[in-house]
Amino acid sequence: MKRRNILAAAIALSAAAAFLPVQAKADSGTLVYADAGEPSTIDPAKANINWEFTVTRNIYDRLINYDLANPGKLLPGLATEWTQDGTVWTLKLRDGVKFHDGSPFTAEDVKATLERLLRIGQGQSYLVDDITKVTVVDPTTVKIETKLPNVYLAGNLSRIEMMSHADIEKHAGDADKGDAYFGEHANGTGPYSFVSWTRGSQIELKRNPAWWGEFPKGAFDRVIDRFVTDGANRSRGLEGGEYDLANFVPRDDALRIGQSSGFHMVEGNNLWAWPVIYLNMETKPTSNADFREALVKAFDYQAMIQYYTGRAETPRGPIPAWFPGSPEKDEAAITTDLAAAKAALAKSGLEGASFKCSVPAGFPEFRFVGTVLQSSAAQIGVKVEIEEQPFVQAITSIKTDKSSCFILGNANLSPVDATKFFAAHYLKGGFFNSGKYYDPAFEALVAKIPTVSDDAERQALIKQAAQMIVDSHYIIWASRPSTVVPEPDRIQGYKIDPAEYINVRFWEIHSAQ
Amino acid sequence: MKRLAWGVLVLLLVAVLTFFLSRVVPADPAAFLAGQNASEETVARIRAEYGLDRPLMVQFADYLGGLVRGDFGESIRTHRSVGQDLADFLPATIELLLVSFVLYLVLSFYLAVAAARRAGGWVDSTVRLGTMLGTGIPVFWLGMALQFVFFYKLHWLPLSGRFPIRDLPPPTMTGFLLIDSVIAGDPVALWHALRSLILPALTIVLNLLAVGTRLSRAALIEEFDKLYIRTARGKGLGPRAILYKHVLRNALSPILTVTTMQFGYMISWVILVEVIFDWPGIGLYAYQSFQVFDYAPVIALAIISTAGFVLINLAMDILYPLIDPRVRSLAS
Amino acid sequence: MSGQGRAVIGPFRRASGGRAAERLLLLLAWLIVAALALFVFFAGLLAPYDPIILNIGQRLHPPALDHLFGTDEGGRDIFSRVVYGTRYSLGVSVAIVFAAAVFGVAYGAISGMASRRVDDVMMRTVDLFFGFPALVLAMAVAAAIGRGLDSVALSLAVIWWPGYARLVRGEVLRLRERPHVEAARALGVSSLTLLRRHIIPFVLQEVNVRVTTDIGYALVAVTALSFLGLGAESPTPEWGLLIRDSRPYFGSAWWYLVFPGIMIMLTATAFSIIGDDLAGRRRRSGAP
Numbered sequence: 000m001k002r003r004n005i006l007a008a009a010i011a012l013s014a015a016a017a018f019l020p021v022q023a024k025a026d027s028g029t030l031v032y033a034d035a036g037e038p039s040t041i042d043p044a045k046a047n048i049n050w051e052f053t054v055t056r057n058i059y060d061r062l063i064n065y066d067l068a069n070p071g072k073l074l075p076g077l078a079t080e081w082t083q084d085g086t087v088w089t090l091k092l093r094d095g096v097k098f099h100d101g102s103p104f105t106a107e108d109v110k111a112t113l114e115r116l117l118r119i120g121q122g123q124s125y126l127v128d129d130i131t132k133v134t135v136v137d138p139t140t141v142k143i144e145t146k147l148p149n150v151y152l153a154g155n156l157s158r159i160e161m162m163s164h165a166d167i168e169k170h171a172g173d174a175d176k177g178d179a180y181f182g183e184h185a186n187g188t189g190p191y192s193f194v195s196w197t198r199g200s201q202i203e204l205k206r207n208p209a210w211w212g213e214f215p216k217g218a219f220d221r222v223i224d225r226f227v228t229d230g231a232n233r234s235r236g237l238e239g240g241e242y243d244l245a246n247f248v249p250r251d252d253a254l255r256i257g258q259s260s261g262f263h264m265v266e267g268n269n270l271w272a273w274p275v276i277y278l279n280m281e282t283k284p285t286s287n288a289d290f291r292e293a294l295v296k297a298f299d300y301q302a303m304i305q306y307y308t309g310r311a312e313t314p315r316g317p318i319p320a321w322f323p324g325s326p327e328k329d330e331a332a333i334t335t336d337l338a339a340a341k342a343a344l345a346k347s348g349l350e351g352a353s354f355k356c357s358v359p360a361g362f363p364e365f366r367f368v369g370t371v372l373q374s375s376a377a378q379i380g381v382k383v384e385i386e387e388q389p390f391v392q393a394i395t396s397i398k399t400d401k402s403s404c405f406i407l408g409n410a411n412l413s414p415v416d417a418t419k420f421f422a423a424h425y426l427k428g429g430f431f432n433s434g435k436y437y438d439p440a441f442e443a444l445v446a447k448i449p450t451v452s453d454d455a456e457r458q459a460l461i462k463q464a465a466q467m468i469v470d471s472h473y474i475i476w477a478s479r480p481s482t483v484v485p486e487p488d489r490i491q492g493y494k495i496d497p498a499e500y501i502n503v504r505f506w507e508i509h510s511a512q
Numbered sequence: 000m001k002r003l004a005w006g007v008l009v010l011l012l013v014a015v016l017t018f019f020l021s022r023v024v025p026a027d028p029a030a031f032l033a034g035q036n037a038s039e040e041t042v043a044r045i046r047a048e049y050g051l052d053r054p055l056m057v058q059f060a061d062y063l064g065g066l067v068r069g070d071f072g073e074s075i076r077t078h079r080s081v082g083q084d085l086a087d088f089l090p091a092t093i094e095l096l097l098v099s100f101v102l103y104l105v106l107s108f109y110l111a112v113a114a115a116r117r118a119g120g121w122v123d124s125t126v127r128l129g130t131m132l133g134t135g136i137p138v139f140w141l142g143m144a145l146q147f148v149f150f151y152k153l154h155w156l157p158l159s160g161r162f163p164i165r166d167l168p169p170p171t172m173t174g175f176l177l178i179d180s181v182i183a184g185d186p187v188a189l190w191h192a193l194r195s196l197i198l199p200a201l202t203i204v205l206n207l208l209a210v211g212t213r214l215s216r217a218a219l220i221e222e223f224d225k226l227y228i229r230t231a232r233g234k235g236l237g238p239r240a241i242l243y244k245h246v247l248r249n250a251l252s253p254i255l256t257v258t259t260m261q262f263g264y265m266i267s268w269v270i271l272v273e274v275i276f277d278w279p280g281i282g283l284y285a286y287q288s289f290q291v292f293d294y295a296p297v298i299a300l301a302i303i304s305t306a307g308f309v310l311i312n313l314a315m316d317i318l319y320p321l322i323d324p325r326v327r328s329l330a331s
Numbered sequence: 000m001s002g003q004g005r006a007v008i009g010p011f012r013r014a015s016g017g018r019a020a021e022r023l024l025l026l027l028a029w030l031i032v033a034a035l036a037l038f039v040f041f042a043g044l045l046a047p048y049d050p051i052i053l054n055i056g057q058r059l060h061p062p063a064l065d066h067l068f069g070t071d072e073g074g075r076d077i078f079s080r081v082v083y084g085t086r087y088s089l090g091v092s093v094a095i096v097f098a099a100a101v102f103g104v105a106y107g108a109i110s111g112m113a114s115r116r117v118d119d120v121m122m123r124t125v126d127l128f129f130g131f132p133a134l135v136l137a138m139a140v141a142a143a144i145g146r147g148l149d150s151v152a153l154s155l156a157v158i159w160w161p162g163y164a165r166l167v168r169g170e171v172l173r174l175r176e177r178p179h180v181e182a183a184r185a186l187g188v189s190s191l192t193l194l195r196r197h198i199i200p201f202v203l204q205e206v207n208v209r210v211t212t213d214i215g216y217a218l219v220a221v222t223a224l225s226f227l228g229l230g231a232e233s234p235t236p237e238w239g240l241l242i243r244d245s246r247p248y249f250g251s252a253w254w255y256l257v258f259p260g261i262m263i264m265l266t267a268t269a270f271s272i273i274g275d276d277l278a279g280r281r282r283r284s285g286a287p
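Residue numbers (numbering that gives the first Met the number 0), protein chains in the order written: chain U, 0 to 512; chain F, 0 to 331; chain X, 0 to 287.
Any given hint could turn out to be false.
When the alpha-carbon atoms are kept at most 20 Å apart in a straight line, the in silico SDA-like pairs for lysine to any residue are as follows [unchecked claim]:
no., chain 1, residue 1, chain 2, residue 2
1, F, 152, U, 441
2, F, 152, X, 251
3, U, 435, U, 450
Simulated DEER-style distance windows between Cβ atoms [unchecked claim]:
no., chain 1, residue 1, chain 2, residue 2, range
4, U, 488, F, 152, 36 to 44 Å
5, F, 68, X, 179, 56 to 64 Å
6, F, 122, X, 101, 35 to 43 Å
7, X, 41, U, 331, 27 to 35 Å
8, X, 41, F, 109, 40 to 48 Å
9, F, 59, X, 30, 51 to 59 Å
10, U, 378, X, 26, 31 to 39 Å
I should point out that these hints are in silico values taken from the structure, not numbers from a laboratory. Idealized CB from N, CA, C, for every residue including glycine.
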């Protein structure tokens with residue numbers, strides 16, 4: 000009897016002790032960021048998804064930056080001046096910049112980085128793949144040549160991270176030319192340097208006091224980029240104080256948390272979370288232009304605005320209004336018109352048709368769009384079947400004609416280059432051109448736009464291209480919501496970057512003063 | 000040793016099955032790797048790099064050859080050898096499973112005994128109802144509910160992960176945080192690791208308890224019945240002595256059978272628990288790889304969990320005759 | 000994932016209120032099963048709202064008189080979705096268990112009646128299936144033939160039948176030795192008739208018990224696979240899928256998570272209680 004009692008008491012006591020609440024150690028020097036996934040690589044030449052950019056954008060610098068409030072306005076980064084002369088861009092580089100390993104940054108680094116990026120041909124290389132030659136003029140001057148004159152090159156360079164030519168050369172002799180090395184190691188000139196990568200858990204960064212840029216007061220010395228694939232866990236953790244900031248907080252939670260005590264909301268425009276529906280141009284029934292028109296006119300745009308609690312608008316075309324040179328305000332508004340939809344459907348002769356839509360899993364917004372499509376289509380007697388799958392499977396499904404529609408964000412990483420909206424989504428071979436839209440006239444138009452130096456003329460061409468896409472009814476422009484990010488009151492500095500997937504600039508984040 | 004041979008055959012079958020099933024799918028990890036805007040040529044180049052364009056049988060023969068050498072292939076998602084990934088992630092899973100299992104054995108035994116001693120009494124009825132409700136609660140739902148109550152509402156325990164984010168874990172020696180904390184002589188780290196273990200372990204334990212306690216209790220009651228009748232014929236042994244000397248020994252063998260089955264369930268559930276608690280073990284690793292068509296880890300998980308199950312069965316085979324001399328071989 | 004061993008209800012020494020409480024529980028269990036059956040066959044009549052059509056203005060409303068379980072992110076009534084979901088969640092579970100039972104019984108009966116060597120081989124084969132990790136097989140099958148309730152059903156049926164095969168074989172072996180069976184054999188009755196008349200009826204009683212309890216376990220497994228994204232696809236209101244969909248709204252809408260979970264629990268528990276009762280009756284009636 001006695002022994003068992005003592006044992007029971009011991010168990011009860013330790014259980015109670017384990018449950019004692021622990022004060023989170025107020026470590027003001029550490030920022031914990033919950034990202035939506037673990038990078039597959041931290042090589043800036045290959046990074047192509049949000050959580051990879053979280054690491055690369057903060058460890059490496061770019062030649063050119065831009066004003067978040069006005070992305071058309073370019074700002075100096077590692078380059079201080081740049082001029083275009085036909086097909087040649089000349090850039091003057093910043094003096095006295097050092098890599099994290101102490102070596103100096105020079106024009107050689109620019110050349111080596113760009114050549115490697117183009118050789119590999121992945122990641123963001125598509126933004127600058129018209130570069131034909133990079134020449135080192137002197138340690139602080141570099142010349143970049145493009146195939147045809149490209150007025151957007153400087154803006155597109157604002158996405159390309161600069162690596163060290165010494166590192167690249169050191170591993171040039173490896174069997175894979177260093178690709179595996181750069182997947183796991185990082186040596187940049189940026190505001191934060193790489194400390195460690197605990198697989199399955201987190202990446203740790205530390206502040207680089209020798210950075211050429213300026214840190215705000217209260218900047219964090221240590222940043223932990225935690226991989227939290229589940230959106231609910233990110234919400235919960237942000238709210239409970241486990242994380243200081245979180246990426247992709249599900250919208251309902253973002254709104255609620257942002258408005259609760261101890262938090263404030265940061266709102267802005269951003270690209271990733273715009274859901275649009277791509278219709279397959281090559282399979283029945285969506286290959287029929289009238290059928291597509293019927294769907295576009297039947298879609299319940301109001302439902303989307305309601306879903307976003309009013310913080311959204313219905314787009315009029317591929318290029319958002321706040322993008323430099325956007326023709327949006329000149330475009331016709333898109334509204335639900337069931338009568339016109341039914342008329343178009345009758346004209347197509349495909350009444351009562353049905354098709355399948357593949358939706359990438361894990362994004363409640365995209366899933367919701369699918370549901371709206373389903374119920375909108377039901378209004379005109381068309382049946383839509385939604386299949387939620389992991390991203391790669393979903394996009395492959397439509398590309399291999401197993402589904403007739405796909406839902407994704409209509410993003411563009413370039414802050415100035417409207418043609419990059421087109422490149423990824425509407426040109427033949429574009430990775431996100433999942434519905435296989437192809438129009439040679441459109442391609443020719445898009446190829447021409449960057450070569451036109453006269454602003455007015457270029458604008459007109461952009462408008463023409465945008466109109467072509469809208470008229471083809473390839474896309475249902477479901478909604479363009481504003482992005483809402485909850486920030487705890489103890490943290491300041493998070494800004495939403497309009498020309499980025501939802502991302503975080505650690506060098507601007509600081510504790511509240 | 001016929002058992003061992005069959006064990007190996009099972010492993011082989013598992014490898015074959017999972018390999019072919021996973022290769023039948025048309026979707027393409029190369030597309031994922033190549034990233035947005037990669038041209039078709041780039042995707043094709045990557046596909047060739049990883050040997051995904053070779054005929055199926057060639058790929059399989061390659062894989063099998065690798066397996067024999069202990070090479071599980073390369074993960075397309077992490078760009079590392081699966082073996083290396085497993086070395087990183089396996090300790091987390093094993094630690095969770097072991098702690099859960101030990102906790103389960105202790106609690107289950109205690110509960111089953113308490114229920115069986117006075118079968119029909121209110122303790123017994125409570126336990127019975129509890130276990131019945133427990134079998135119905137899905138593991139994933141229970142995990143989320145526990146998180147909700149203990150992290151979100153009460154702030155007593157961490158939300159997820161193996162160790163609090165802002166604190167320093169002990170230096171990695173074995174990969175088992177509990178052991179590493181002890182080796183490093185760091186009681187704070189030990190406590191942190193324990194606190195992070197509680198919710199995921201509790202989720203597994205509560206589920207195992209529901210099923211296991213029912214069956215253990217049933218076995219114990221049977222033994223109690225027999226004993227009661229015997230001693231009623233006039234021996235005069237105290238109840239505790241009866242319990243520990245006779246009942247246990249006889250009931251142990253069915254309880255062990257139950258235990259073996261529970262281990263099988265546990266392995267199945269570990270994926271669910273790791274997903275909910277962001278526990279960086281092989282379950283989460285395999286699941287995330289599965290999402291992007293990177294199948295080498297999934298096959299590795301299949302093989303390892305089957306191997307685990309086979310080993311446990313072998314161990315039981317050896318233990319049974321030792322525990323209960325009346326049993327000569329594990330009755331099928 | 001299949002259980003083993005009999006669940007036995009305690010024999011004597013019952014506290015006085017115990018019997019009544021047990022009867023009450025059993026009654027509740029049968030009521031739940033009856034309600035579920037009604038949900039399956041008369042969903043249209045019993046569900047107050049359509050489970051698919053959106054109603055954005057009502058999204059994420061807490062439980063109230065007009066929406067017993069609250070509404071989801073599309074404004075759909077969760078109670079209606081749960082009612083319609085019964086035929087998917089429970090239906091698939093029943094199908095799985097029956098398929099596994101039919102195949103397992105046949106297999107086990109043959110193995111039990113066969114010669115020692117054939118029996119040995121057959122049982123070793125069963126062992127192979129026993130070792131297979133359920134979730135991983137489900138992932139592999141989903142990868143091959145695509146996600147969906149059918150792929151889940153296939154994987155789980157494959158996982159489940161060995162339990163029945165073993166159970167039935169054990170029972171057949173045991174009953175073979177019974178005096179009345181021996182006598183019949185001595186009279187020259189064929190194996191098949193032996194099986195049919197003298198063995199299978201008793202075996203089926205045992206299988207019945209197992210089937211009932213297993214429906215609950217299968218339900219939990221099906222919902223787990225839907226939760227992982229391997230099973231039902233939207234907008235099917237399958238209970239596991241409902242829980243999966245509830246996750247992003249967890250903090251704002253607790254009811255979305257709680258009510259489907261309670262349905263799963265009640266259903267599985269009800270089948271367990273009934274199964275237990277069947278086992279108890281069988282034992283008390285002194286079946287061979």
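Exercise for review: Could you work out which earlier hints the structure fails to respect and list their numbers in ascending sequence?
Suggested key: Result: hints 1, 3, 4, 7 and 10 break, sorted rising.
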